[in-house]
Amino acid sequence: MKISKQARRDAKELFRSCTVNELLDENRVRQAVQQVIQRKPRGYVGILSHFQRLVKLDVARRTARVESAVALPELLQANVRANLNRLYGAGLNISFSERPSLIGGMRVQVGSDVYDGSVEARLAGLTEGL
Amino acid sequence: MSTLLQEIESQISGIKTAVGKQNVGVVREIGDGVAKIEGLTGAMLNEMLDFGHGVTGIALNLEETEVGAIILGEYTEIKEGQEVRTTGKLLQVPVGKGLLGRVVNSLGQPIDGKGPVKNETSYPVEKIAPGIIRRRSVSQPVQTGIMPIDAMIPIGRGQRELIIGDRSTGKTTICVDTMISNARLNKAAEAKGDKDYRPLYSIYVAVGQKQSNIARVISVLEQEGALPYTIVVVAAASDSATNQYLAPFAGAAMGEWFMDNGMDALIIYDDLSKHATAYRQVSLVLKRPSGREAYPGDVFYLHSRLLERAARLSEKYGNGSLTALPIIETQLGDVSAYIPTNVISITDGQIYLETDLFYQGIRPAISVGLSVSRVGSAAQVKAMKQVAGRVKLELAQFRELAAFAQFGSDLDAQTQAKLERGKRVVEIFKQPQYKPVLVEVQVVVLWAAQNGHFDNVPVDKVKDCQTKLTDYLLSRKPDLMAKIVKEKALNDALTAEVKAAVIEFKSSYR
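Respectively, the protein sequence lines represent chains V and F. With the numbering used here, letter number 97 in the first sequence gets 97, and the count goes up by one each step, no holes. With the numbering used here, letter number 256 in the second sequence gets 1256, and the count goes up by one each step, no holes.
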């Protein structure tokens, strides 16, 4: 769907109004979406889809995905949490998950930053190098 | 013992393997050699991006939520959702003398089947041109071996001289002749062991040309022995617009290496009209706003930053130079179109080729009135300046008189003489392709023409007389030729010798 420039501008304005201290407020987002759907301004579908994209990117930026081959012990999880909060500040949603294909090590992704210390990545690097 | 083992164990546990931070993104859109990537928040402008499987791209558009990148090489294997990484590197091409005699693509990879390129260094493709402190004015000539150019529109080392004209008016031929001429001079100096001679290496960048044309140019260079002094950079019509856009910059990087290392190089961009078209395509696919003739707003900067890289460096910075000969193809002689006017204003002069002259048999079809060289005359050999100083004016007068003489038949003797002289000079300036003339021969021939030694030769015999005079000079008067090269100027004694030689030849000419 082609989203007009005006719709993009409106979506951005809406997004800005949903932030408190540069952090996205979930309640405001929900309210904003409800309001737009009720009032149906011109090009509101476009506004909402661009708004959704902006929210998605913001959520991705503030989400840390920690993947490991096996479940991490509590102590290590706390350690990782503390380090990530130190690097990226508070307000980070940290989720831990298991991915056996990593073989060993850990892969942390925050937004577009990736810290990959997994065996899988090293093997891939080795393959490329050869 | 146990304490030692504990110590080692604790040291091993203390070792941390460093994990580097990477910046990744995801392909959101791919098509026409251009990808839109979400993420990549840390990407820099013109940074190389790694798409995996050996495919790389360059970040050209940094937008609010995404990055627009052009893909180098095969883009059909890239899929939506694929991961892309930043590399922290700018696009580089191999440079150095190992590339001489080779045919490479716009990434510097060989495409001539002669094995890998031997190079030790790489240069970034995009580089800021040398600044005013590093430059000096043009003072050494580029001997094109083409008489009308060396006499009337001289080119200096470090100059940017535009070659402009309609299709098939001999634009590429002028450049090929120049490469051949310089290769011969290089070879002659090498054979003589002349340490003072500064060899001029050539780089021929073919942008958007037909493969058959490129193959022909390469075979001519090979036949004439010019390939060992030449690098050919090819982005043919079948290559992607991305490669066509990058090829001139890659060629310029190769030329800059010679310049930075105190050597002289000549770069030919064949041609910049097609380069602008390729850049327009890339820009439109990247959804950049379009301007006049749908070219993007920065098409002037595209060519100005490329041509500014041609320079003559001062002694302190190695005394090297990079001469640029960009080619522009006009449509029906329209020099006032967008791209031609841009490039005319950037360069230090232009050689304008006319279709009418070409079909009248005046080849090279250089239009004397419209062609200029703004800085080259400072670099012209003094002997040439002495004999050719008035030629341009006389030819212009001849053209005017010839047009005027069409209306009336009764002309005074002076006008008649001017017309006759003009006709002969036009004949002398005709030159077959791939046959460059040595500057010392040009000096003597022009001296003879200026001093009326061709006046009693019928116009249709002038060319024959000139050829025989050239043969005579090269075979019978090599000492005189060497003296002109050495002294670089015609003093009274030398002029007398030249006169004696020409008279001796004329007495035997039938």
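Worth flagging that the hints you see were computed from the coordinates, not collected in a lab. Predicted model, so just to flag it, every value in this text is computed and none were measured. Accuracy of the hints is not assured; some may be wrong.
To be verified - Cross-link-like lysine to aspartate or glutamate pairs, in silico, EDC-like; alpha carbons within 16 angstroms at most:
| hint | chain 1 | residue 1 | chain 2 | residue 2 |
| --- | --- | --- | --- | --- |
| 1 | V | Lys-5 | F | Glu-1064 |
| 2 | V | Lys-56 | F | Glu-1497 |
| 3 | V | Lys-12 | F | Glu-1029 |
| 4 | F | Lys-1021 | V | Glu-98 |
| 5 | V | Lys-12 | F | Glu-1497 |
| 6 | V | Lys-12 | F | Glu-1063 |
| 7 | F | Lys-1486 | F | Glu-1497 |
| 8 | V | Lys-2 | F | Glu-1029 |
- [ ] Taking the numbered hints from earlier one at a time, note which ones the structure violates and give those numbers from smallest to largest.
- [x] Hints 2, 3, 4 and 5 contradicted; others consistent.
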